[in-house]
Amino acid sequence: MTDRTETILGFDPGKDKCGVAAIDGNRALLYHQVLLTAEVIDRIGDLSVQYNVSRIVMGDQTTAKQWQRQLSTAFPNLPISLVDERYSSLEARDRYWQMYPPNFFISLIPQGMRQPPRPIDDLVAIILIERYLKIR
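77 is the number that the working numbering gives to position 75 of the sequence shown; each next residue is one higher, with no gaps.
Be aware that a few hints might be false.
[What the hints assert, rightly or not] Ranges between beta-carbon positions, derived for each pair:
#	residue 1	residue 2	range
1	Gly27	Pro78	19 to 29 Å
2	Ser91	Leu31	14 to 24 Å
3	Arg138	Pro104	32 to 42 Å
4	Ile108	Arg29	27 to 37 Å
Keep in mind that the hints were calculated from the coordinates and are not lab data. Glycine residues also receive a C-beta, built at the ideal position from the N, C-alpha and C atoms.
Whenever a hint applies, use it, and build me the whole structure from the sequences.
In structure tokens:
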């Protein structure tokens, strides 16, 4: 069980852009954003103070090892947990349409064929936190 005061930061690492999300111990979504890689370390630092982040959960694929090194160096007191990130982008695409229901015309397109109008790396970060909480 998660401590109710614990805030987890989800991180979907990437080469050019990354998804970041924060969820508190009550599973309330506090923040989600797609950031350029150059902004990530500073923004995570700000969020860790603002929301009292106790752990970083990140995907284990693409650029995970290099990001894990960078984050460990920048935030030595924040534990980092790697989570299986397979199929999270597909799940995030479906989540996008749950969070932002399509207008009438877009709703005529089958959901599996719709493409969100923006990057969804932040939604992947949310899904990574949820996966982490499920296995805990």
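Each hint, compared with the structure:
no., hint, result
1, Gly27 to Pro78: 19 to 29 Å, "holds (23 Å)"
2, Ser91 to Leu31: 14 to 24 Å, "holds (19 Å)"
3, Arg138 to Pro104: 32 to 42 Å, "holds (33 Å)"
4, Ile108 to Arg29: 27 to 37 Å, "holds (29 Å)"
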